[in-house]
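Chains P and B, in that order, give the protein sequences. Going by this note's numbering, the first residue of the first sequence is number 1251, and it counts up by one from there. Going by this note's numbering, the first residue of the second sequence is number 465, and it counts up by one from there.
Treat each hint with caution, since some may be false.
Claimed, not checked - In silico DSBU-like cross-links for lysine-lysine, where the CA-CA straight-line distance does not exceed 30 angstroms: (1) Lys498(B) - Lys1308(P); (2) Lys1308(P) - Lys591(B); (3) Lys782(B) - Lys1308(P); (4) Lys549(B) - Lys591(B); (5) Lys511(B) - Lys498(B); (6) Lys542(B) - Lys1391(P); (7) Lys678(B) - Lys1335(P); (8) Lys1354(P) - Lys467(B); (9) Lys1354(P) - Lys498(B).
Unchecked claim - Part of the chain P face toward chain B, derived, beta carbon under 10 angstroms: (10) Gly1280; (11) Leu1305; (12) Ile1337; (13) Leu1347; (14) Gln1349; (15) Glu1375; (16) Ser1376; (17) Met1393.
To be verified - Computed beta-carbon distance windows for the label pairs: (18) Lys668(B) - Glu1260(P): 35 to 45 angstroms; (19) Thr1312(P) - His665(B): 55 to 65 angstroms; (20) Lys675(B) - His1328(P): 16 to 26 angstroms; (21) Pro594(B) - Thr1312(P): 31 to 41 angstroms; (22) Ala672(B) - Arg1294(P): 33 to 43 angstroms; (23) Pro594(B) - His1328(P): 57 to 67 angstroms; (24) Thr1312(P) - Lys491(B): 41 to 51 angstroms.
By construction, these hints were calculated from the structure, which means they are not laboratory data. Keep in mind it's a predicted model, so treat the numbers as computed, not measured. Using N, Cα and C, we set each Cβ at its ideal position, and we do this for glycine too.
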Amino acid sequence: MVIDLATRFEPKIVGFLCRWCAYTGADLAGLSRINYPPNITPIRVNCSGRVDPTLVLKALATGADGVLIAGCHPGDCHYINGNAKTIRRFKLLQRLLQQFGIEKERVRLEWVSASEGGRYARIVESMTEEIRSLGPLNWKKEMAIAA
Amino acid sequence: MTKPKIAFNWASSCGGCEIAIFELGTKLVELSNKVDVVFWPAIFDYKYTDLEAMPDKSIDVTFFNGAIRNSENEDVAKLLRAKSKMLVAFGACAYGGGIPALANTTTRAEIFTSSYQETQTTNNPEKIIPRTKVEMREGVLTIPEFYNTVKTLDQTVDVDYYVPGCPPVGAQVEKVLNQFVDGNLPPKGAVLGASDKSLCHECKRIKADRKITKLVRSYQTIADPEKCLLEQGIMCMGPATRGGCGGICLDANAGCRGCYGPLPNVVDQGGKMLSALASVFETENEEEMQKLADSVADPIGTFYRFSLAGSLMRRIKK
């Protein structure tokens, strides 16, 4: 099969990565020269528990096709239980997004430790492919059509 | 000194905001000595042509309640904007979309099908639905276009001030009207007639920092009138809602529904409430977390009851 790279849909993914684990893991992926899709725009946050649902909604509403929230594994949070808050919030957020008509694959919560550069690369890879097959979200355009 | 000219208008609303003005009672008579009402379709027989005949910027301040649901709402909003020096989004519907904006969870086609065909009391074998133009023998009849998406006032025209509430409480309405009469106004874009702190700040209930293991709906329980409702597992939008209403729902032993809108510098009231609710859940177990999340019956209707049109997502994807 020939893939037309010029017209292929390239998903835009916003990644909120906790500085202690996931961001360091992403750094390691780079240092180890692991190949993974360039579709993610990482944003460093102090803790995944700091990711206000508003940030996710804003990313989706203003043009992102997907959002990745990544933090320390449960039990390993630098702030003891910040990521436990993330899970509780994430479950509710997923339910809300479902009602808005946004596929649950578009917003992911993943745990990546500082030593898991390979895992980070695989997550970005699988998320990019999943969103590619879903197609663009294009929230602004959808809203303009639905006006 | 000439009296300031004021106007009131209703768009897609229930009329409650008009009643809120009458909550002033006899003070309304005092107010009427200080201002000239030049347009108020709910009370006096004004026609839109009267409005069109006014010179531009001749009205000092217009209080506009109701969301923008159809083309008539939009046309009148634009007309009033041109005729007024100041335009105030009055009440939750003009401010954030209010209850009418919950229609953004569906589409025009679905609303027409359910309202004009599916309801049990409807007899419409020809499946007639509203059309903007109908040609009759006597001529062409027109009605306003029904929009697919409900908008707020400031998504339609430039707005100077906002007064939240469904409806704004009487004492705040009086304060706001006097602010305009006295010319004692904050910079443009401010929210008037409300506090800058959350409703929890003025709530007298005892807050024990307790976590919850399940959510209960109001018909399933009788709430303890002394304790925080959220800590009893009853949905209360207090943490994510502006105060200033005096907590009248709380006094009636019912949870806040969020009609006073988001707090200062908050763009999305629902997102903030979702966050607040997640932090009172008492569990570290993922399955239980899922169960708790699933027990929120209608997330949009709960978190965005009065602010869907003004929220980040605005409507559902369909």
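Hint check:
1. Lys498(B) - Lys1308(P): violated, 45 angstroms
2. Lys1308(P) - Lys591(B): violated, 40 angstroms
3. Lys782(B) - Lys1308(P): Given pair Lys782(B), Lys1308(P) holds - Cα atoms ~19 angstroms apart, limit 30 angstroms.
4. Lys549(B) - Lys591(B): Measuring from Cα to Cα gives roughly 45 angstroms; hence the hint is violated.
5. Lys511(B) - Lys498(B): holds, 24 angstroms
6. Lys542(B) - Lys1391(P): holds, 24 angstroms
7. Lys678(B) - Lys1335(P): holds, 16 angstroms
8. Lys1354(P) - Lys467(B): violated, 58 angstroms
9. Lys1354(P) - Lys498(B): violated, 57 angstroms
10. Gly1280: With Cβ-Cβ at 31 angstroms, over 10 angstroms, it is violated.
11. Leu1305: Holds, because the Cβ-Cβ distance from Leu1305(P) to chain B comes to roughly 8 angstroms (cut-off 10 angstroms).
12. Ile1337: holds, 6 angstroms
13. Leu1347: Status holds, d = 9 angstroms.
14. Gln1349: holds, 5 angstroms
15. Glu1375: violated, 25 angstroms
16. Ser1376: Given a least distance of 21 angstroms, the restraint on Ser1376(P) is violated.
17. Met1393: Holds. Min distance 6 angstroms.
18. Lys668(B) - Glu1260(P): 35 to 45 angstroms: For Glu1260(P) against Lys668(B), whose Cβ atoms are near 55 angstroms apart, the range 35 to 45 angstroms is violated.
19. Thr1312(P) - His665(B): 55 to 65 angstroms: violated, 32 angstroms
20. Lys675(B) - His1328(P): 16 to 26 angstroms: holds, 22 angstroms
21. Pro594(B) - Thr1312(P): 31 to 41 angstroms: Since Pro594(B) and Thr1312(P) have Cβ atoms about 34 angstroms apart, the given range 31 to 41 angstroms holds.
22. Ala672(B) - Arg1294(P): 33 to 43 angstroms: holds, 36 angstroms
23. Pro594(B) - His1328(P): 57 to 67 angstroms: About 58 angstroms separates the Cβ atoms of Pro594(B) and His1328(P), which means 57 to 67 angstroms holds.
24. Thr1312(P) - Lys491(B): 41 to 51 angstroms: Taking Cβ atoms as reference, Thr1312(P) and Lys491(B) lie about 45 angstroms apart, which means the hint holds.
Violated hints for the displayed structure, listed by number in ascending order: 1, 2, 4, 8, 9, 10, 15, 16, 18 and 19.
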